[in-house]
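*Asks:* Single-letter residue listing:
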Amino acid sequence: MEQAPAHIVHEPHPEGGGVREIWKVTIILTVLTLIELALGFSMIGMTNVTTKHFIKGVILILMMAKAFYIVGYFMHLKHEVRNLIMTIVVPLILFVWFIIAFLSDGNSYNNLRNRYNPEYKERTSQQAPPREEPKPSPEKQ
Amino acid sequence: MATTTAATAPKYWNGGKSPFNVEYGKLMMWYFLMSDAFTFGSFLIAYGTTRFATNGWPNPNEVFSSYPFKPEGSAPAPLIFVSIMTFILIISSVTMVLAVHAGHKMDKKNVVKYLILTILGGLAFLSCQAWEWNHLFHEGAWWGRNPFPNADGTISTTNFTNFFFTITGFHGFHVFSGVIINIIMLIMTLGNSFERKGHYLMIEKAGLYWHFVDLVWVFVFTCFYLI
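Quick mapping for you: the protein sequence lines, in order, are chains A and B. Using our numbering, you'd call the opening residue of the first sequence number 1 and step up by one each time. Using our numbering, you'd call the opening residue of the second sequence number 1 and step up by one each time.
The hints are simulated quantities; they were obtained by calculation from the structure and are not laboratory data.
Think about it this way: if two alpha-carbon atoms lie no more than 30 Å apart in a straight line, the pair counts; the simulated DSBU-like pairs of lysine-lysine are:
no.: 1; chain 1: A; residue 1: Lys24; chain 2: A; residue 2: Lys56
no.: 2; chain 1: A; residue 1: Lys78; chain 2: B; residue 2: Lys26
no.: 3; chain 1: A; residue 1: Lys78; chain 2: B; residue 2: Lys105
no.: 4; chain 1: A; residue 1: Lys78; chain 2: A; residue 2: Lys56
no.: 5; chain 1: B; residue 1: Lys105; chain 2: B; residue 2: Lys17
no.: 6; chain 1: A; residue 1: Lys24; chain 2: A; residue 2: Lys66
no.: 7; chain 1: B; residue 1: Lys197; chain 2: A; residue 2: Lys78
no.: 8; chain 1: B; residue 1: Lys26; chain 2: B; residue 2: Lys109
no.: 9; chain 1: B; residue 1: Lys113; chain 2: A; residue 2: Lys78
no.: 10; chain 1: A; residue 1: Lys24; chain 2: B; residue 2: Lys113
no.: 11; chain 1: B; residue 1: Lys109; chain 2: A; residue 2: Lys78
no.: 12; chain 1: B; residue 1: Lys105; chain 2: B; residue 2: Lys26
no.: 13; chain 1: B; residue 1: Lys105; chain 2: B; residue 2: Lys197
no.: 14; chain 1: A; residue 1: Lys24; chain 2: B; residue 2: Lys108
no.: 15; chain 1: B; residue 1: Lys26; chain 2: A; residue 2: Lys24
Starting from the given sequences, assemble the full structure and let the hints guide the process.
*Replies:* Next comes the structure, spelled out in structure tokens:
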């Protein structure tokens, strides 16, 4: 089933960088993850919302860099034929619009709800009662 | 429009050649992963939209602050356990790449070795995720039940736990199916199926699926634990 029909010819497939490249990308991914975790730790207890948003933005950029390395080198996409790369990458560009549109939509929904639904604003301002110790076994499902 | 490395570029679209220079199964695996990427993307964006639309939200550093065998009364340890899970999955991805690489060289012994390591990594990740779920369950969290207050102390929404369990559950299911696929690959390798065929291309396709699972975890872990 996965053997190419006899009359289709494949060009010799470029192998990429070999084991050295694999370890290089592993180190890069590890470093990116460690930086992300350090930034996450730095946000603990931080009160300045603007700084927090900035750090979250940096974490998102690092996440995209990790995605690029995993898809490009581990999944070998960088070494494939250019048109194949395009059939994968171009539809994923849709995500940019997807994320912006929906997050802004959610934000607008929140603003409108707070402005026009006083019951919602009041209900979500109620402080939660202090948590007791979790019971040994939760109530029935 | 082919990539050119020599003076004579291969003409991919004149017939007789595979235009993308990959076999059918691999191309279809890529397109399946695209569809799966949109599924997970939709889930995560729904999570983001809901979070943006909600007034308060629990602080993940307060919710996810434990690890197995944590001593009673010790200081909360946010991000520690999930970092271990992330590294387990990244390393299992590396061993998978090495397995595929060994497959290119028809090196059966190393394919077996790296496949076993990848399977063990996947099982370790699943165990960690199961522990995390069990721990949260015993704190009172489940679909429809959220015991954690928002960061500002207000009563929180069950959307928090609903999204968490649904998305990590979906991801965990993909890890589980990936482990099953890798076990099947291991059995096929040990049974010399690939030696007989003369190529280890199926391992490459399984590798693509496994890397996708790792990639989704990168996004899930960032959205739920970091930001």
